[in-house]
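Novice: Residue numbers (the working numbering), protein chains in the order written: chain H, 37 to 533; chain S, 556 to 1081.
Read the hints as simulated data drawn from the structure, not as lab findings.
Quick reminder that beta carbons are idealized off the backbone N, C-alpha and C, glycines included.
There's no promise every hint is true.
Sample of chain S residues facing chain H (criterion: CB under 10 Å; computed from the structure) [claimed, not checked]: (1) VAL937; (2) ALA945; (3) PHE946; (4) PRO947; (5) LEU957; (6) LEU959; (7) SER964; (8) GLY970; (9) VAL975; (10) LEU985; (11) ALA994; (12) SER996; (13) ASP997; (14) THR1034; (15) LEU1037.
Restraint ranges, calculated between C-beta atoms of paired labels, are given here [as the list claims (entries may be wrong)]: (16) THR229/H / VAL968/S: 20 to 26 Å; (17) GLU557/S / THR100/H: 37 to 43 Å; (18) THR229/H / SER764/S: 39 to 45 Å.
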Amino acid sequence: METIITSKILLTPLIPMVTALLIMGSKKKPNLRESFSLFGALFTFLSVVQLLPHILARGSYEYTLFTLYPGVSVKFHLDGLGILFAGTSSFLWIMAGLYCVGYMRGLDEHAQTRFYFCYAVAVGGAMGVAFSANLFTLYLFYEIVSVFTYPLVAHHQDKEGYDGGRKYIVYLMFASKAFLLPAMILVYVQCGTLDFTMGNVASGMFPSSASSVLVKVTYLLCLLGFAKSAIMPIHGWLPAAMVAPTPVSALLHAVVVVKVGVFCLARVMLSVFGVNLLNNLGLGIFTAYLASFTIITASVVALTQNNLKMRLAYSTVSQLSYIILGVAMLTPNSITGGLIHITNHAFAKITLFFCAGSIFVATRKKDITEMGGIGWSMPFTMIAFGLASLSMIGVPPVSGFVTKWYLALGTLDIHNMILLTVILVSSLLNAGYFIPVFFTSFFGKPLPGDTSQGGFLEGSPFIMLMVIPLFLTAVASVLFGIYPDLFIQIINLMLGR
Amino acid sequence: MEQYLIYNTLWYPILTVLMAVPLFGAFITLGIRGDQNLKIWGLLVTVLTTVLSLPLFFSFDLTTAKYQFAEFNDWIPFVDISYVLGVDGISVLLVLLTTLVMPLCILCSWSYIKERFREFIFVLLFIEASMIGVFISLNMVLFFIFWEAMLVPMYLIIAVWGGPRKDYASIKFFLYTLIGSIFLFVAIIALYVTTGTFFIPELMTHHYSFSYQMWIFLAFALAFAIKVPMFPFHTWLPAAHVEAPTAGSVILASILLKMGGYGFLRFCLPIAPAATVYCMPYLIVISIMSIIFGGYLALGQSDIKKLIAYSSVGHMGFVTLGIFLLNDVGIKGAILQMINHGITTGALFILVGMIYERTHSREISDNSALGIVMPIYVSFLVIFSLSSLAFPGTNSFVGELLVLIACFSKYKVVGGFAVVGAILAAAYMLRLVQKMVWADSDGHSHPGDRSQLFDLNLRETATLTFLTIFVFWIGFHPTPLLNIMDTSTAHLLKQVESGMHASPAGHHAHLNGLGETVKNLIAFKY
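Throw the hints in and build the complete structure from the sequences for me.
Specialist: Structure representation (structure tokens):
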């Protein structure tokens, strides 16, 4: 394990921020603005990729930017978990960048400069979270993501938008001030520092003398504080945030923002508390049951939603808890299953949201019942939708299967049949709310009097710009299902295997 | 004297000069004609003071807790009244804050003040001299003279250039502060009678009986609690803020309130340590009440200035909380919080002043949905609002973090209550920002008359940019400031520690019933 101290790793969080400034400066020129956005995304991804070889050689990067107080600093550290999340998010930003152009121009949305600006800052914040070496840096970027996604949620500036935006910011700010801030301070008071224990998931930061009650309280505060992970009962903001334009829902509320929440939680569980402490205090299994409850309940709610984006939102709530469940079972297999789902869910869910968006742009339809027979006019979209659904359900060889395989292995490792049942039942529920959509789109009949979907709808340039990325992400989902080796290797490094 | 003071070694007597420049500047003002010339003159004098004060930061000796840059001259020797000045790690930052904020006060009055410009500049420069005097005096009488001298100009600022209810607000301000001053004066005389000296560092070395300490402490604490202001003495503040012109609000929020916190640190803690320790639980409870009530009241305001005024009560609650936790992190956090509050709240008042100049209203509903017409203004509003709610990466976060660390390491329950204050801060600031930036606008046009809503000009942008630099500088790199406080804070705590044991235990015992209960309550022992 060689740790390289280099300011090179500042580049990844910095590029999106610089991109955002360039976007702001290119106010009146849409082409320039969108090329900034695309190149920013591309360079961010490349900056992550060039860090990969050293990480794969069991190394890591570190850099301290500012020290505020002994033990509290703005410090960056890149390890396997970080690069997994950063790589996934930045790659999908490229896809979403292409998609945005089609979507925003196709609908002729207002305030597009503000949109691209906030979009880039939010991704930059997520990169910062992925690269954080301590709780303060994590908190800093976490909050940046919260604030800069508010204008995206309230983008339409109608009553719905403002209500959704208010709910969004109230949930996130309240949770971070009420739970996360005290949790951070309690960690500092007990450990004397906020720096994560890197490179060893077994032992956390807490000294052996720490009072178990206080550790439990701190843990609960963390669990509730990262409201972005949308674990029940703090999931309410996510469905409300679906009023945002679809590219926001796709990249941010399926990949960047929610994954920031889950990533933070995983980071805190593995690098602050450590597997041993969580096991000893029984906190792991407690979290696993809470996540299970979320998985089942959210899936049941998803069954009842007729609005496609709402159904996807509740599906996200449920799927995010798979990640938490995996980490919370605290065995190497389950953690692998949980963490790999960060990537697997990202690719599948962004595809599904992209599909919902392109259907909306082509036909202005939001409800599933209106989509009878739409598959014949938008075949690529709906095939991609089908592939991504298979990933969500966990059908081999699509990537979701890998997740469920490792999660199931994890439940067997700890001999917990209840959790195994949860995984199996939830897969059935996933099938229950995805297959009808696919079925309706090909074998359903359009509503009487609906003439909007005659002929092939994917021919126009804007729609093409949307269909290409969504098809690519769907194909990637399949590829990752067949070759998950790279991701498993990265996670194994993280686990010290 | 050498045991307390390190004499000034700069080529000019820096502390005297810092008072003399604005004071002489003020008198020269009386001979200048033309508003434009007066403004430029005011700006020149204040900027010169700022420049002259910079050595305080760069030549400050971090290794000593003695009073530096000191000057000593006899004045009325037979009653031990002398002209003695000096700064230590506690006061030096407040002096710098004063000299940095004053040019901004001139800048934000540039077009706000329409009448009696000469008198306005005079009063502003005069109050600068006396505020600096308060922070650097090491003689009780000298301190008291400056303390009172600052009262009249502030009264004038509100009463002459204030809003519609200026008479009510200015009298209320004056009376409240005067009542505090009377107690302060009595305590000063009492100390002189007992010790025969007015020299502050020497007063700290005497040992007083516990009951004597209690009286001294209460008299001081009342004066400073009104100034801070702590709940329930805070009612003068919103009135004064709402009626005062922008520069008055900025001075009030950025500097005058800090004198309360400074007074606690300079007088209460070292002179009456045993009483401080005894009263600590009550003061912590009062601080928490200030934090929560201030935040709660801010939540319901429809007047922007009132909202920020109540938020000040909450923020200053964090200051007193940090002070009375009596540990190193807490006191450092408190001093830093004072500086931060000066920067952030000052900036927010400047922002309110700017919008008032345009719409002639301070109601949130009259100033809503500005995002589409005033993007620069709105950007600054967001930055300073985030700073006010202690967003990580801004100055207030560091101060609040240190105070909360102090809380949680000492009394976890108190920490829990302080967090409620932090939540309230986020609630009222976000509400304010949401309304002022967006309200319910559709994003295409401003709902009302937008002819008045021109964006910031160069002067206004420069004023706010200057403060923005400090927001992020302290937010990411507070170490230089913390280093300046370090030695003095440690020394102060040593004084409290040694003084606390010096008091006879017997006195403690019979007074302790209720105090012990409150202490147990906040320590969560039941």
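Novice: Now tell me, hint by hint, if it's right for this structure.
Specialist: Here is what the structure says about each hint:
1. VAL937: holds (8 Å)
2. ALA945: holds (9 Å)
3. PHE946: holds (6 Å)
4. PRO947: holds (4 Å)
5. LEU957: Holds: closest Cβ of chain H sits about 7 Å from LEU957/S, inside 10 Å.
6. LEU959: holds (5 Å)
7. SER964: holds (5 Å)
8. GLY970: With a minimum Cβ separation of about 7 Å from chain H (threshold 10 Å), the hint on GLY970/S holds.
9. VAL975: Holds - the Cβ of VAL975/S comes within 10 Å of chain H, reaching about 8 Å at its closest.
10. LEU985: Nearest chain H Cβ about 6 Å off; hint holds.
11. ALA994: Interface hint status for ALA994/S: holds (9 Å vs cutoff 10 Å).
12. SER996: holds (6 Å)
13. ASP997: At about 5 Å, which falls below the 10 Å cut-off, the nearest Cβ of chain H leaves the hint on ASP997/S intact, so it holds.
14. THR1034: Holds - the Cβ of THR1034/S comes within 10 Å of chain H, reaching about 6 Å at its closest.
15. LEU1037: holds (7 Å)
16. THR229/H / VAL968/S: 20 to 26 Å: With a Cβ separation near 24 Å, THR229/H and VAL968/S satisfy 20 to 26 Å, so the hint holds.
17. GLU557/S / THR100/H: 37 to 43 Å: holds (42 Å)
18. THR229/H / SER764/S: 39 to 45 Å: Since THR229/H and SER764/S have Cβ atoms about 44 Å apart, the given range 39 to 45 Å holds.
The structure fails none of the hints (numbered hints given earlier).
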